[in-house]
Amino acid sequence: MAKTVNVWLDGHHVEVPDTMTIIEAADKYGVHIPRLCYHPDLPPTANCGVCVVEVSGNPTPKRACCTPVAEGMKITTNSNKLRSYRKTLTEMILSHHDVKCPTCSANNKCELQSLANNLGVNPDALPNIMPNTPIDDSSLSIVRDVTKCIACGRCVTVCNEVQTVYALTFSDRGIHAHIDTAFSNGIANSPCVNCGQCTVYCPTGALRERNDLDGVWEAILDPTKHVVVQEAPAIRVSLAEEFGMELGTVTAKKMYAALRKIGFDAIMDTNFTADLTILEEGTECVTKLKSGSKRPLITSCSPGWIKFMETYYPDLADCVSTAKSPMSMFGVLAKTYYTQEHGLDPANIVSVAIMPCTAKKFEAARPELRDSGYQDTDFVLTTREFIRMIKEAGIDFKEIKEEDADEGMSFYTGAGTIFGATGGVMEAAIRSAYTLVTGEELEAIDIMAVRGLKGVKEATIPVPGFGDLRVVVAHGLSNARIVMDKIREGLATTGESPWHFVEIMACPGGCVGGGGQPYGNNMAMRARRGEGLYKEDRNLPIRKSHHNPEVTRIYERFLGSPNSPLAVKLLHTHYFERSVNTGQIIKEATHKHH
1 MAKTVNVWLD GHHVEVPDTM TIIEAADKYG VHIPRLCYHP DLPPTANCGV
51 CVVEVSGNPT PKRACCTPVA EGMKITTNSN KLRSYRKTLT EMILSHHDVK
101 CPTCSANNKC ELQSLANNLG VNPDALPNIM PNTPIDDSSL SIVRDVTKCI
151 ACGRCVTVCN EVQTVYALTF SDRGIHAHID TAFSNGIANS PCVNCGQCTV
201 YCPTGALRER NDLDGVWEAI LDPTKHVVVQ EAPAIRVSLA EEFGMELGTV
251 TAKKMYAALR KIGFDAIMDT NFTADLTILE EGTECVTKLK SGSKRPLITS
301 CSPGWIKFME TYYPDLADCV STAKSPMSMF GVLAKTYYTQ EHGLDPANIV
351 SVAIMPCTAK KFEAARPELR DSGYQDTDFV LTTREFIRMI KEAGIDFKEI
401 KEEDADEGMS FYTGAGTIFG ATGGVMEAAI RSAYTLVTGE ELEAIDIMAV
451 RGLKGVKEAT IPVPGFGDLR VVVAHGLSNA RIVMDKIREG LATTGESPWH
501 FVEIMACPGG CVGGGGQPYG NNMAMRARRG EGLYKEDRNL PIRKSHHNPE
551 VTRIYERFLG SPNSPLAVKL LHTHYFERSV NTGQIIKEAT HKHH
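With this note's numbering, letter number 284 in the sequence shown gets 284, and the count goes up by one each step, no holes.
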């Protein structure tokens with residue numbers, strides 16, 4: 001158990017746990033120590049040296065990010081010596097950096113830019129010896145620009161320790177040390193699963209999403225194209241913070257209004273197909289439960305998780321739901337059901353998805369997701385790209401009047417909206433699966449055991465006529481490994497999984513913490529966004545997916561029933577086995593079920 005120690009911060013006495021570092025103690029009491037490589041969500045790497053402080057009795061400055069507090073410690077965070085030291089360090093970093101800030105994707109969000117401005121650093125103080133390294137744009141999701149890399153190591157830490165993907169690494173030594181992809185083959189030929197957590201934690205613009213804005217603008221301005229847009233649950237709680245509104249505020253109707261003003265022809269909502277996913281996946285789960293299968297059903301809506309599974313756990317691919325993600329269900333329906341209902345030519349439909357996720361760009365390009373006869377989803381924009389689009393269009397998002405989405409594929413329930421938070425898919429599925437098994441409605445629908453930011457969350461749900469339904473939720477791929485290893489072990493030793501139903505999201509916090517979310521993302525912000533989704537769930541008139549009237553209508557008019565032959569053809573998919581070295585396909589791991 002942590003003990004409390006007495007520490008003096010710039011002459012002020014404070015009491016802090018002895019488990020804290022100096023920078024954590026300073027943050028707790030509102031004393032900001034400049035930093036670059038440090039991030040509160042990640043283990044410290046102590047690479048940059050910017051966070052140095054003076055500690056009485058020590059002849060040299062100490063790095064605040066990795067120095068623990070101690071009883072009686074007297075710390076100086078601001079002095080002429082420290083300011084000079086930090087300024088010189090920042091000048092040296094800038095001398096190896098591409099300082100074309102106005103054209104950088106991280107402009108005004110860059111931590112190096114902010115640090116230099118705060119310290120009054122002249123970017124031309126030292127000759128620029130920026131590395132002459134080509135941009136790595138081999139990936140469908142992520143672009144890496146070494147000329148903007150400051151070798152802080154955050155991306156390596158999050159990729160290797162938080163996500164356990166091992167796509168990024170430090171290469172070479174001394175002054176030649178730099179960050180590279182595994183085997184130096186580019187992101188596309190590495191184990192990268194496109195989760196984009198590296199872009200979230202990068203303090204500069206060295207890692208960013210592939211920009212698809214030009215293609216979307218071109219489609220919008222083409223009078224021969226009918227552009228349909230969908231927005232993921234997490235988007236509606238991630239825009240407010242960028243436009244001077246309270247973090248986590250639900251802005252769905254402002255979002256619809258902005259999209260209409262931008263020029264999209266049909267404003268729909270991914271939450272609708274989140275509800276549809278619950279009916280497809282829930283029916284699949286109930287069928288598996290009733291069959292007495294000892295193998296679990298695992299959710300399939302996180303594309304980073306799916307590629308991770310294909311790379312590291314292809315032997316368990318048959319445990320993963322064949323249901324497509326809500327985005328991909330929407331994409332195929334936009335070019336089949338929607339065109340049929342409105343008498344449109346699917347060849348003229350451009351389907352755009354706004355997602356909190358960089359991996360969705362990879363998902364949209366998967367060759368098997370063409371069940372409409374076309375590429376089901378034409379473009380994916382991240383939250384960051386959508387924010388830029390709103391600004392490019394000159395829209396005052398904070399003041400824009402609210403509007404409704406268009407009818408047909410936009411109505412959603414509370415179950416659909418909580419998809420954006422870790423545990424939300426599980427909770428939504430239980431609300432409907434209970435009814436599918438028992439024929440009765442679940443009364444206690446707030447399933448608190450699967451909510452929150454604990455990495456692995458287990459729960460047991462009593463289901464009359466079945467018994468105890470054992471479920472588990474994991475977010476972040478290191479936690480996914482824990483769960484998958486236990487499933488693999490259980491099947492190998494006892495022939496039975498520890499759980500019946502499993503939710504896995506690649507990104508910590510779920511989609512609210514996705515790799516395409518606004519810069520400055522951290523776990524505290526992810527929690528606030530998640531709270532916004534749960535608040536919307538509580539306030540919606542319908543909170544169970546099987547009561548969504550638009551979902552009922554699409555089954556009656558088009559699909560027939562959940563898991564019907566047409567539903568399986570359009571709304572389900574199959575998986576591959578991939579190389580752990582390159583991420584490339586080796587062979588099919590499963591087949592689509594009919």
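Heads up, some of the hints might be wrong.
[What the hints assert, rightly or not] Straight-line distance between alpha carbons at most 30 Å, and here's what the computed DSBU-like set of lysine-lysine pairs gives:
| # | residue 1 | residue 2 |
| --- | --- | --- |
| 1 | 74 | 87 |
| 2 | 401 | 391 |
| 3 | 569 | 109 |
| 4 | 288 | 87 |
| 5 | 454 | 401 |
| 6 | 391 | 253 |
| 7 | 401 | 294 |
| 8 | 294 | 109 |
| 9 | 225 | 109 |
| 10 | 87 | 109 |
| 11 | 486 | 253 |
| 12 | 62 | 74 |
| 13 | 288 | 587 |
| 14 | 391 | 454 |
| 15 | 109 | 81 |
| 16 | 62 | 81 |
| 17 | 391 | 100 |
| 18 | 294 | 535 |
| 19 | 81 | 28 |
| 20 | 535 | 398 |
| 21 | 261 | 74 |
| 22 | 261 | 290 |
| 23 | 28 | 87 |
| 24 | 225 | 261 |
| 25 | 401 | 225 |
| 26 | 486 | 587 |
| 27 | 290 | 109 |
| 28 | 3 | 290 |
| 29 | 74 | 3 |
| 30 | 294 | 62 |
| 31 | 261 | 391 |
| 32 | 28 | 100 |
| 33 | 253 | 28 |
[Said to hold, decoys possible] Listed next, with one range per pair, are the computed distances between beta-carbon atoms:
| # | residue 1 | residue 2 | range |
| --- | --- | --- | --- |
| 34 | 388 | 134 | 22 to 28 Å |
| 35 | 19 | 522 | 18 to 24 Å |
| 36 | 6 | 318 | 25 to 31 Å |
| 37 | 541 | 392 | 32 to 38 Å |
| 38 | 522 | 18 | 23 to 29 Å |
| 39 | 19 | 214 | 57 to 63 Å |
| 40 | 346 | 553 | 29 to 35 Å |
Keep in mind that the hints were calculated from the coordinates and are not lab data.
Glycine included, C-beta positions come from ideal geometry on N, C-alpha and C.
Each hint tested on the structure:
For the hint pairing residue 74 with residue 87, the CA-to-CA distance comes to about 23 Å; that is within 30 Å, so the pair holds. Distance check on the hinted pair: residue 401 and residue 391 sit about 16 Å apart at the alpha-carbon level, within 30 Å; holds. Our distance criterion of 30 Å between C-alpha atoms is broken by residue 569 and residue 109, whose separation comes to about 44 Å. In summary, the hint linking residue 288 to residue 87 is not supported, as the alpha carbons are separated by about 62 Å, beyond the 30 Å threshold.
For the suggested pair residue 454 and residue 401, the alpha carbons sit about 38 Å apart, so the restraint of at most 30 Å is broken. Pair hint residue 391 plus residue 253 holds up; C-alpha atoms about 17 Å apart against a cutoff of 30 Å. At roughly 52 Å between alpha-carbon atoms, residue 401 and residue 294 are farther apart than 30 Å, so this suggested pair is violated. Restraint check for residue 294 and residue 109: the C-alpha separation of about 49 Å exceeds 30 Å, so the hint is violated.
Taken as a hint, the residue 225 and residue 109 pair is broken in the structure, with Cα atoms around 35 Å apart against an allowance of 30 Å. Among the hinted pairs, residue 87 with residue 109 is consistent with the structure: their alpha-carbon atoms are about 20 Å apart, no more than 30 Å. Among the hinted pairs, residue 486 with residue 253 is inconsistent with the structure: their alpha-carbon atoms are about 43 Å apart, more than 30 Å. At roughly 12 Å between alpha-carbon atoms, residue 62 and residue 74 fall within 30 Å of each other, so this suggested pair holds.
For the hint linking residue 288 to residue 587, the alpha-carbon distance of about 25 Å falls within 30 Å, and the restraint holds. A hinted pair counts as satisfied when its Cα atoms are at most 30 Å apart, and residue 391 with residue 454 does not qualify at roughly 36 Å. The straight-line distance between the Cα atoms of residue 109 and residue 81 is roughly 28 Å, inside the 30 Å bound, and the hint therefore holds. For the given pair, residue 62 sits about 13 Å from residue 81 by alpha-carbon distance, which is consistent with the 30 Å threshold.
A threshold of 30 Å between alpha carbons decides the hint, and for residue 391 with residue 100 the separation of about 20 Å falls inside it, so the pair holds. For the proposed pair residue 294 and residue 535, the alpha carbon gap of about 36 Å is over 30 Å, so the pair is violated. Among the hinted pairs, residue 81 with residue 28 is consistent with the structure: their alpha-carbon atoms are about 24 Å apart, no more than 30 Å. The hinted pair formed by residue 535 and residue 398 meets the criterion: a straight-line CA distance of about 20 Å does not exceed 30 Å.
Only pairs whose Cα atoms come within 30 Å are accepted, and residue 261 paired with residue 74 is rejected, the gap being roughly 57 Å. Distance restraint check for residue 261 and residue 290: the Cα-Cα separation of roughly 49 Å exceeds the 30 Å cut-off, and the hinted pair is therefore not satisfied. Annotation: proposed proximity of residue 28 to residue 87 holds, straight-line Cα distance about 25 Å (limit 30 Å). As the CA atoms of residue 225 and residue 261 are separated by approximately 17 Å, the hinted pair is consistent with the 30 Å bound.
Taking the CA atoms of residue 401 and residue 225, the gap is near 27 Å; set against the 30 Å cutoff, the hint holds. A C-alpha spacing of about 25 Å is found between residue 486 and residue 587, which places the hinted pair at or below 30 Å, so the restraint holds. Restraint check for residue 290 and residue 109: the C-alpha separation of about 52 Å exceeds 30 Å, so the hint is violated. About 53 Å separates the Cα atoms of residue 3 and residue 290, which puts this hinted pair outside 30 Å; it is violated.
As the CA atoms of residue 74 and residue 3 are separated by approximately 18 Å, the hinted pair is consistent with the 30 Å bound. Taking the CA atoms of residue 294 and residue 62, the gap is about 55 Å. The hint is violated against a cut of 30 Å. Taking the CA atoms of residue 261 and residue 391, the gap is about 12 Å. The hint holds against a cut of 30 Å. The straight-line distance between the Cα atoms of residue 28 and residue 100 is roughly 35 Å, outside the 30 Å bound, and the hint therefore fails.
For the given pair, residue 253 sits about 37 Å from residue 28 by alpha-carbon distance, which is inconsistent with the 30 Å threshold. A hinted range of 22 to 28 Å for the beta carbons of residue 388 and residue 134 is consistent with their spacing of about 24 Å. In this structure the supplied range 18 to 24 Å holds for residue 19 paired with residue 522, their Cβ-Cβ distance being about 20 Å. About 58 Å separates the C-beta atoms of residue 6 and residue 318, a value inconsistent with the hinted range of 25 to 31 Å.
With their beta carbons about 36 Å apart, residue 541 and residue 392 fall inside the hinted range of 32 to 38 Å. Remark: the range hint 23 to 29 Å for residue 522 to residue 18 is upheld by a beta-carbon distance near 24 Å. For residue 19 and residue 214, the Cβ-Cβ distance of about 49 Å falls outside the hinted range of 57 to 63 Å, so the restraint is violated. At roughly 20 Å, the beta-carbon separation of residue 346 and residue 553 lies outside the given 29 to 35 Å, and the hint is violated.
Checked against the numbered hints listed earlier, the structure breaks hints 3, 4, 5, 7, 8, 9, 11, 14, 18, 21, 22, 27, 28, 30, 32, 33, 36, 39 and 40; every other hint is satisfied.
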